[in-house]
Amino acid sequence: MNSYTISYPDILVAYKKMKSNIFYSNNSTYYKVKCALFERSNIEEKLLNIQNILQLGVDSQAWKDILKKITYFALPKKFESEDDKSGYFVFNSGILNNNKVESIYYYIDCPFEIHVISMLWVIKRGSIIDKQLGPEIFGNRLRKTVDGRLSEKGLSSFEMYFIKYTKWRDLAIEKSIQLHNSGRSSSIICLDFKDYYHTIDLQKSLFESIGSSPYSRLDEYIYSISSDYSIKLNKSNRILPIGLVSSNVLGNYYLKDYDKEIVKKFNPVYYGRYVDDIIMVIDSTNTGDGDRILPKELVSKLNIQSSGKITHKELNITISKEKMKIYNFHAKDSISVLEEFKRNIRKNSSEFKFLPTDEDIESSFDENLLEINYSDSINKLRSLEGIHTNRYEISKKISKLLSYVNNIKAPQEHDFEKINKNLENIMLGNRLFEIQFYWEKILTYYAISANVNAIIAFVNDLLDRIVHLKYGKDLNNEDINNKIISSTIELLLCSFISAVSLRPALMKERKIRKAISNIRTSRIKVLFGSRNISQIQSILKVFINSNMMRQSLITIPLLNYCNYQTYYTITDNESDIEYYPNKMTHYRLDEKKMIYSPRKIHFEEIMQFIEFKYGVFGRSLSPERKIKLANKYSKKYRIFHSNKYYEKVYD
Numbered sequence: 001m002n003s004y005t006i007s008y009p010d011i012l013v014a015y016k017k018m019k020s021n022i023f024y025s026n027n028s029t030y031y032k033v034k035c036a037l038f039e040r041s042n043i044e045e046k047l048l049n050i051q052n053i054l055q056l057g058v059d060s061q062a063w064k065d066i067l068k069k070i071t072y073f074a075l076p077k078k079f080e081s082e083d084d085k086s087g088y089f090v091f092n093s094g095i096l097n098n099n100k101v102e103s104i105y106y107y108i109d110c111p112f113e114i115h116v117i118s119m120l121w122v123i124k125r126g127s128i129i130d131k132q133l134g135p136e137i138f139g140n141r142l143r144k145t146v147d148g149r150l151s152e153k154g155l156s157s158f159e160m161y162f163i164k165y166t167k168w169r170d171l172a173i174e175k176s177i178q179l180h181n182s183g184r185s186s187s188i189i190c191l192d193f194k195d196y197y198h199t200i201d202l203q204k205s206l207f208e209s210i211g212s213s214p215y216s217r218l219d220e221y222i223y224s225i226s227s228d229y230s231i232k233l234n235k236s237n238r239i240l241p242i243g244l245v246s247s248n249v250l251g252n253y254y255l256k257d258y259d260k261e262i263v264k265k266f267n268p269v270y271y272g273r274y275v276d277d278i279i280m281v282i283d284s285t286n287t288g289d290g291d292r293i294l295p296k297e298l299v300s301k302l303n304i305q306s307s308g309k310i311t312h313k314e315l316n317i318t319i320s321k322e323k324m325k326i327y328n329f330h331a332k333d334s335i336s337v338l339e340e341f342k343r344n345i346r347k348n349s350s351e352f353k354f355l356p357t358d359e360d361i362e363s364s365f366d367e368n369l370l371e372i373n374y375s376d377s378i379n380k381l382r383s384l385e386g387i388h389t390n391r392y393e394i395s396k397k398i399s400k401l402l403s404y405v406n407n408i409k410a411p412q413e414h415d416f417e418k419i420n421k422n423l424e425n426i427m428l429g430n431r432l433f434e435i436q437f438y439w440e441k442i443l444t445y446y447a448i449s450a451n452v453n454a455i456i457a458f459v460n461d462l463l464d465r466i467v468h469l470k471y472g473k474d475l476n477n478e479d480i481n482n483k484i485i486s487s488t489i490e491l492l493l494c495s496f497i498s499a500v501s502l503r504p505a506l507m508k509e510r511k512i513r514k515a516i517s518n519i520r521t522s523r524i525k526v527l528f529g530s531r532n533i534s535q536i537q538s539i540l541k542v543f544i545n546s547n548m549m550r551q552s553l554i555t556i557p558l559l560n561y562c563n564y565q566t567y568y569t570i571t572d573n574e575s576d577i578e579y580y581p582n583k584m585t586h587y588r589l590d591e592k593k594m595i596y597s598p599r600k601i602h603f604e605e606i607m608q609f610i611e612f613k614y615g616v617f618g619r620s621l622s623p624e625r626k627i628k629l630a631n632k633y634s635k636k637y638r639i640f641h642s643n644k645y646y647e648k649v650y651d
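FYI, the numbering for the sequence shown is 1 to 651, going by UniProt numbering.
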C-alpha cells in the first residue's frame, strides 16, 4: 500500500475522460449540466481536493461528507396499463393520461467528485478487469489503441455503443444462417437479467479477485459508494449505481464465471453478452428433441428456479422469464425470417449515410412510429395484442430532422405546421414519457428553428402532466411521488438548457421569459427550487462555457473556445450573438477551454476558424499561410493533451 500515490495528472485525465464520456452519451443530459456546474469555478482546486481525499482514505471525514450527499433521481419507466388479460384491451392506452407510474428508472445523483473517482477507478482498476474479459463480452468494453493497449491519456474511454451492439447481434444471425447453409439445424437463445444492476450483491471478494495493484485502494471507494447508495434506495444488497462508469465495468465482471458455465454446458457455436443480455447460437442437429432446444432443458441447464432466480455460487440475479426466447430453425425449414431481419438491419444502418431529403422528412413521421404485436395472422383483427411506441424509430426520425434543418435548410412556415403536427402525434399522453430521453432532441429542433411557441407549448404541456405523477405501488408516499416529479422536472430543465444553448438569444424572447415566470407555481417552487429567469440564464452560460452543447450543430465550434464570454449559435444571424468583438485580438483560443475540451478538435475546424477570424475583418490569407497557422494551433492543442504537458504543469 506504500506505493499508492494518486497524482494530479491522474485526476485531471480522469476528469477529462469523464467529461468526454458524458458529452458523447445520449442519455446523460442531466449529468452534462452537473459537469458544467462542477467546472464553473475553481476547477483546479476541486481536482486537487479529490487528490487529497484519495490520499486520506475512506475513513476520512472529507470522504464521509461526500457520501452523505449521495441521493438519486427517479424517472417514470412504465405506466399502469388498462389492458385486461381476459380479453379487454385499450389499444390507444398510450395516449391516455394515466398518471400512475408502475416502474421507475433510478439513477445516482451525487457530487461530481464521485464521477471523477469512478472514472479513475476504471482507468486504474477497470482496465485490469477488461483485459481478463474475452471477446464474447461486447458491452462497455474499454477502448484500446491500435496495438491493443488500453488508452489511458486519450479522451475516449469506452468503445462505441452502436458498433459493439450491432456486432453482438449480427454475429448471432450470421452464425445461424451459416449453420442452415451447411444443412444444420440451429437454435438462437436470448436471455435477459431482470433489473440487473439493482439485483447484484456486490461483495469485497469480487474486488479481491481482480488482483492486487498499486491502485487496489481505489476499490474501497467504489465499494463504499455502492454501500451508501444502496442504503439510500432501501436495498439490503449492495447494488451497482446506474450512472457511474465503474458500474459498467463491474457489471461485465460480475458474470464472468457464469459466462464460462453456460459455454461449458451448451457448447454454443456463438455466445455473446451485452451487459445483461445474452445471445447464443447452438447447433441443435441430432439433439434428440426434433433438432430443437426445449424450454425445460434450458431452465434445467441454467439452474433457473420457478421465480426466475439463478442458483449459481454467490450470484444474486434473476432471469426475466418473459424475455427468455428460443428460436429453433430446422435445417429443412426456411430461414427467410433471419434473412429479412438481416436486410432490415442493413437498411437501418445505411439510412444515416446520406443527408435526408425533403421527401424523407415529409414521409418519415408517417411510418413505423408504433410497434404492433400480433398473436396470429397479421390479417386477423383478433390477433392484435398490443401497440407500443417504437422509440428507435422516433429517435432516428428526430435525428434526421436535426440534420435536415442544420445542413440543408430551415423549414418554411407550412413545413413547420406539418412537422409539428407529426411531433404532437408522437407526444400524445404517456407516450411523452416513453421518449423522455429524446426531449432534449425535440427541444433542440424547436430551438434551432427558433420556434418559440412550440418550445412554450412543449414545456407547459409536460409540466401539466409531470406535477400529477404518482407511484402506483404506493400512491400516498409523498416522498417517492415528489422525487419522481422533481427528478422529471429537473430532466426537463436540463433538456431545455442543452437545447437553448445553441440559440441563447431565445432567452431574451419576451414570450419565453413570461412563460417561465408563469409556470413557477407554488407546487413547482417547492419541488424544483426557486429558480428564476436570471438563475436559469446563469446555468445556461455555465453550460455554454463548458462546451457541453451539441457542437456538431454549431457552424464554427471554435468560436466558443475563444478567451471571451461569447455565445455563438448555429446561425449566422448577428442578433444571435450576445457579444460580438470588434478587435481581432479577441479571437484568441482560450488555453483553459482547449485543455478541458470534451472532444478532440480536428484540423479542418482550425482551418475554418482561421478563415473566419481573418475574413470577418476583410483580411485574406494565402493557402500556405492558413495551413501554417493551422499547424501552429494544432500543435499547441496536442501539447495541451500530452503526457509531458500534464507532468510539467501539474506535478
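Derived from the structure by calculation, the hints contain no laboratory data. Here a beta-carbon is modelled for each residue, glycine too, at the ideal position from N, C-alpha and C. Hints should not be assumed to be uniformly reliable.
Each pair of labels, with its calculated beta carbon distance range [unchecked claim]:
no., residue 1, residue 2, range
1, Arg-510, Lys-64, 31 to 39 Å
2, Glu-509, Tyr-327, 31 to 39 Å
3, Glu-45, Glu-322, 49 to 57 Å
4, Lys-69, Glu-174, 44 to 52 Å
5, Lys-332, Ser-81, 38 to 46 Å
6, Lys-144, Glu-417, 45 to 53 Å
7, Gly-57, Arg-513, 48 to 56 Å
8, Cys-190, Asn-460, 52 to 60 Å
9, Ser-395, Glu-45, 33 to 41 Å
10, Lys-204, Asp-170, 36 to 44 Å
11, Val-337, Glu-314, 19 to 27 Å
12, Glu-174, Lys-301, 40 to 48 Å
In silico EDC-like pairs for lysine to aspartate or glutamate, Cα to Cα no more than 16 Å straight-line [stated by the list, open to error]:
no., residue 1, residue 2
13, Lys-321, Asp-195
14, Lys-144, Glu-159
15, Lys-78, Asp-474
16, Lys-64, Glu-314
17, Lys-256, Asp-333
18, Lys-164, Asp-195
Hint check:
1. Arg-510 x Lys-64: 31 to 39 Å: 48 Å, violated
2. Glu-509 x Tyr-327: 31 to 39 Å: 54 Å, violated
3. Glu-45 x Glu-322: 49 to 57 Å: 51 Å, holds
4. Lys-69 x Glu-174: 44 to 52 Å: 48 Å, holds
5. Lys-332 x Ser-81: 38 to 46 Å: 41 Å, holds
6. Lys-144 x Glu-417: 45 to 53 Å: With a Cβ separation near 49 Å, Lys-144 and Glu-417 satisfy 45 to 53 Å, so the hint holds.
7. Gly-57 x Arg-513: 48 to 56 Å: 49 Å, holds
8. Cys-190 x Asn-460: 52 to 60 Å: 42 Å, violated
9. Ser-395 x Glu-45: 33 to 41 Å: 39 Å, holds
10. Lys-204 x Asp-170: 36 to 44 Å: Cβ of Lys-204 to Cβ of Asp-170: about 38 Å, so the range 36 to 44 Å holds.
11. Val-337 x Glu-314: 19 to 27 Å: 39 Å, violated
12. Glu-174 x Lys-301: 40 to 48 Å: 24 Å, violated
13. Lys-321 x Asp-195: Satisfied, since the Cα-Cα distance of roughly 12 Å is no more than 16 Å.
14. Lys-144 x Glu-159: 8 Å, holds
15. Lys-78 x Asp-474: 15 Å, holds
16. Lys-64 x Glu-314: 29 Å, violated
17. Lys-256 x Asp-333: 35 Å, violated
18. Lys-164 x Asp-195: 22 Å, violated
Of the numbered hints listed earlier, those contradicted by the structure are 1, 2, 8, 11, 12, 16, 17 and 18.
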